[in-house]
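Enquirer: The two chains are supplied separately, each in an independent frame; assemble them into the complex guided by the hints.
As a plain string of letters, each chain reads:
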Amino acid sequence: MHHIPLIGPYKPDDILAWEQNGPRTARQFLSDVTRLAELLPDRPTVLNLATSRYEFLVGFAAAILRRQLTLLPQSRAPQTLRRIAGDYPDSYGLTDREETIDGIESVLIQLRGSLAPWPDEIPRVPLNQVVAIAFTSGSTGQPMPNKKTWGALTAVAHATGSRLGIKGGDCAAVVATVPHQHMFGLEASVMLPIMHGLIMHAGRPLFPADIRSALADVTGQRILVTTPLHLHACVTEGVRVPPVALILSATAPLSRALAQEAERHFQAELHEIFGFAEAGSVAERRTIDGDSWRPLDGVRVVQDQTSWMVHAEYLPVPVPVPDRITVDARGMFVVYGRGADQINIAGHRVSLGDLNQKLLEIDGVNDGVFFLPEEGNDLVTRLMAFVVAPGKTSEEIQRALRTHIDPVFLPRPLVCVPSLPRNATGKLPRESVSELARQWFVRQRHGA
Amino acid sequence: MEHSESLLLEQDIAKLIVETLKLKVEPATIQPESALFGDGLGLDSIDALELSLAISQTYGYQLKSSDPEIIVIFSSLRALANAIEKNRTK
Chain Y
0 MHHIPLIGPY
10 KPDDILAWEQ
20 NGPRTARQFL
30 SDVTRLAELL
40 PDRPTVLNLA
50 TSRYEFLVGF
60 AAAILRRQLT
70 LLPQSRAPQT
80 LRRIAGDYPD
90 SYGLTDREET
100 IDGIESVLIQ
110 LRGSLAPWPD
120 EIPRVPLNQV
130 VAIAFTSGST
140 GQPMPNKKTW
150 GALTAVAHAT
160 GSRLGIKGGD
170 CAAVVATVPH
180 QHMFGLEASV
190 MLPIMHGLIM
200 HAGRPLFPAD
210 IRSALADVTG
220 QRILVTTPLH
230 LHACVTEGVR
240 VPPVALILSA
250 TAPLSRALAQ
260 EAERHFQAEL
270 HEIFGFAEAG
280 SVAERRTIDG
290 DSWRPLDGVR
300 VVQDQTSWMV
310 HAEYLPVPVP
320 VPDRITVDAR
330 GMFVVYGRGA
340 DQINIAGHRV
350 SLGDLNQKLL
360 EIDGVNDGVF
370 FLPEEGNDLV
380 TRLMAFVVAP
390 GKTSEEIQRA
400 LRTHIDPVFL
410 PRPLVCVPSL
420 PRNATGKLPR
430 ESVSELARQW
440 FVRQRHGA
Chain X
0 MEHSESLLLE
10 QDIAKLIVET
20 LKLKVEPATI
30 QPESALFGDG
40 LGLDSIDALE
50 LSLAISQTYG
60 YQLKSSDPEI
70 IVIFSSLRAL
80 ANAIEKNRTK
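Protein sequences, first through last, are from chains Y and X.
Oh and the first sequence: position 288 is 287 in numbering that gives the first Met the number 0, straight run, nothing missing.
Oh and the second sequence: position 30 is 29 in numbering that gives the first Met the number 0, straight run, nothing missing.
Isolated chain X, as found in the complex (with noise of 0.2 angstroms):
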């Protein structure tokens, strides 16, 4: 993937995070390698399920959390996004 495609997919899944959670804050604030859960944006298993749903939606790719990367993919919004690019079905 080109480098500034990786960049734009990255945004487009901060914009969804921010609209699917309704969060306050700006979709381009969010660091890329910041935590989504715990201390970072704060976020629950409840947001967990709601952004799941969200990103099968929208990209075909349904999350689990038996999966042994499950905690890298939320780890991070440049992980989420790399997870989504090798996933997505549409």
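The shape of chain Y in the complex, shown without the other chains (with noise of 0.2 angstroms):
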């Protein structure tokens, strides 16, 4: 088979999507698609930033009818689009409300208009064809593109549709709290439902209580998409909500006593997915049951010379795994941390050196790092920074970088200071910020 339909086994009238004004059909989604399609601007690339769930998927859809890529970047951070714009120049934006986005030309999502009769047949899409890039963050300060084929995505789809036991036509719902434009909300809240006939609800709740109203304009069986923020902030409201059929966490890993915990309070099996941008999807677990991940179907971790290596039909050359991993003879694999130049906050990925980078590239700045703390008690550990810069303040700098980089990387605090305590090469070793960090923590304790 060399093509895939662009929705799975929906009939005309089986509900796609959950609007906040009521349901979309599988017929309104078509004729939706359809008649965007024909509004697209001629150009190869598109970022769609569609703030509803459903819109970002009409425009999606469009854009693969018009054999358009959507380019997914990182963060809204407006030098992030600028520098991707600039790297795709013949890109416009497609965008669900009234904004401007600084030097890219926009065209806004208009939906409602007469229904289109349903097709003869759906769409179908070759497999080969390049439907998306995701940008991840490179050691250089440059994205990295990651192109995604239409085989990529649906296989996915297939492959944690099965091992989750998720069958064409079940009557379920997904809610989602994880933004579609990262590539497990793409993978997770977009194709797995589109693929299985489910239906999506097209918001992204943030609070514990936004997630029980959410959860609550669906019916039948219901699929929670999150990631340990918001089950840790469920679970410590104790916010009561309606019955849960299944829980999928990612982008951050899930401690045992979280997950025991999330089981008990949504009385529902909680299953979390380790991927990354570069491979998409690649194991499952269900959390409670061990720290072992299991690949899934079509898809292999193996050797070679230098690292771990996912290999699967559907993509073009093997990637490697960013973290270390240890591999077991049945192919299943524990994961022990990240490698040394990434990390995580809150579920977003970036390259230390790439924010380095970003940080040296502002007016003023002579010398600077950023610094990862020893994890305390907080819902989520975030960076610090070390920064040279005579005659600037730390708001001055932080103000800088807000147009740089995702807010989640912001550091807190920037601490400004004299010289960074490079060695005669010129290095920075880790241990030296790490023992500067600790200087600082101790003279804030002590109130200096």
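Hints were generated in silico from the structure; no laboratory data involved.
There may be inaccurate statements among the hints.
As the list claims (entries may be wrong) - Below, in silico cross-link-like pairs of lysine-lysine (DSS-like), each with a Cα-Cα straight-line distance of 25 angstroms or less:
1) X:21 <-> X:63
2) X:89 <-> X:63
3) X:14 <-> X:89
4) X:21 <-> X:89
5) X:23 <-> Y:391
6) X:21 <-> Y:391
To be verified - Quick list of the computed label-pair ranges, beta carbon to beta carbon:
7) Y:64 <-> X:86: 43 to 49 angstroms
8) Y:219 <-> X:89: 33 to 39 angstroms
9) Y:429 <-> X:28: 33 to 39 angstroms
10) X:85 <-> Y:107: 31 to 37 angstroms
11) Y:359 <-> X:4: 46 to 52 angstroms
12) X:6 <-> Y:416: 35 to 41 angstroms
13) Y:105 <-> X:32: 27 to 33 angstroms
14) Y:288 <-> X:4: 51 to 57 angstroms
15) Y:393 <-> X:89: 32 to 38 angstroms
A quick note: this is a predicted structure, and the numbers were derived from the prediction, not measured.
Idealized CB from N, CA, C, for every residue including glycine.
Expert: Okay, structure coming up:
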């Protein structure tokens, strides 16, 4: 088979999405997609910034039909968007509300029109068509593009569904707290439901009370796609939710204790996905059962000379695993931590080298380094930074950084220092930065 | 609510924000009318989540972002204090 239809087993009047103002059927969806596809400008690449998951999906599908590539930036930081638009100069933006992105021509997604008849055949998409580019952070400060084919996205959706026992035509609805522009969000909250004929909730609930009301919007079996952060908030607040059939978590490691609490609280099985933007979802586990990850069907993790590589038929070349792992004889693996340069804050992965590079690009900054302190008791451990910038205040540097990096990576605090402890070769050993941080914390405790 | 009481509540909430989010500012220096998120204190959605838990534990008020008022509630310390005053259960 060289093509897969745009959507899975829906009948025309099945509900495909749940929007703020009610349900959208499969018939309405195809009608929305066809109309938008006709209106899109003739360009090769599109930045789909829609905030509604449904309007994002309509834009994504319309772009696919027009053979346009959807660019998935790591963040909405203005500088990131401009940099990507600079690398793909013929791009345009797609938005679902009045907003302008500096220097990028934008098209507003407008739905609601007359209903087109159900087509004789659902549009089919070639498996080798590149439909999206997910950007990751390289150590050089340049966003690294990762091409995603329709074959890769659909294969991951089917493998995830079969692992979790989701069948086509199940009367289930997916409610997600994760952004649809991120790889896990695209896979688990968009591709998973539409390949299995499920209902996709268009919202992106944040607070526990929002998660409760989004779950209450939909009927039938409920699948919650979320992160350890949101699970922690729901459990802490003790919010009472409608029955949930399954919870899927990813983006950051989940502790077994929180997994046990969450299973008790939601009365549902909690499964985790291990993956990263370069390869997509790779493996799954039920967190309370143990540390080992079981690769999705069709995925193998194989060692080459230098590192562990993910192999799958839909990946044009094997992809290195960015974390330190060990693999057992059955092909199951355990993750021990991230590679030296990689950090993860609340599910956003970034290269420290990239952040340092962006810091050094700021006017007036002579030297600087980001540092991730040991994890404490907070919901999220934030980065700190030491900066040499005579004549600049830390607020000024923060303000400049804000336009360059995702807010989750903004240092707390940003400490101005006269110099950094570089060694004779100009290198900055991790131990020295760690010592600098330790001394800073000691001074804070003593109220200096 | 008496004027002095609402000022006290604002001060308490400023302290709660600074302590919860470990900000490097004096609670008294947070301007009641200036923005908490974006350009103001530069808070993000993780902060919003942490803050919502602290508000729920301290005042028994569960924030909702689907609430059309949410942008208004989070727009400033004063708006947040007014919302808490109206909805608190403890």
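Enquirer: Hint by hint, note whether the structure agrees.
Expert: Verification of the supplied hints:
1. X:21 <-> X:63: holds, 23 angstroms
2. X:89 <-> X:63: holds, 18 angstroms
3. X:14 <-> X:89: holds, 17 angstroms
4. X:21 <-> X:89: Satisfied, since the Cα-Cα distance of roughly 24 angstroms is no more than 25 angstroms.
5. X:23 <-> Y:391: Measuring from Cα to Cα gives roughly 17 angstroms; hence the hint holds.
6. X:21 <-> Y:391: holds, 23 angstroms
7. Y:64 <-> X:86: 43 to 49 angstroms: Since the Cβ atoms of residue 64 of chain Y and residue 86 of chain X sit about 46 angstroms apart, the hinted range of 43 to 49 angstroms holds.
8. Y:219 <-> X:89: 33 to 39 angstroms: holds, 36 angstroms
9. Y:429 <-> X:28: 33 to 39 angstroms: Hint holds: Cβ distance 35 angstroms, inside 33 to 39 angstroms.
10. X:85 <-> Y:107: 31 to 37 angstroms: holds, 35 angstroms
11. Y:359 <-> X:4: 46 to 52 angstroms: holds, 49 angstroms
12. X:6 <-> Y:416: 35 to 41 angstroms: holds, 38 angstroms
13. Y:105 <-> X:32: 27 to 33 angstroms: Given a distance of about 32 angstroms, which is inside 27 to 33 angstroms, the answer is holds.
14. Y:288 <-> X:4: 51 to 57 angstroms: Holds - the Cβ-Cβ distance for residue 288 of chain Y and residue 4 of chain X, about 53 angstroms, lies within 51 to 57 angstroms.
15. Y:393 <-> X:89: 32 to 38 angstroms: This hint holds: roughly 37 angstroms between Cβ atoms.
Of the hints listed earlier, there is not a single one the structure fails to meet.
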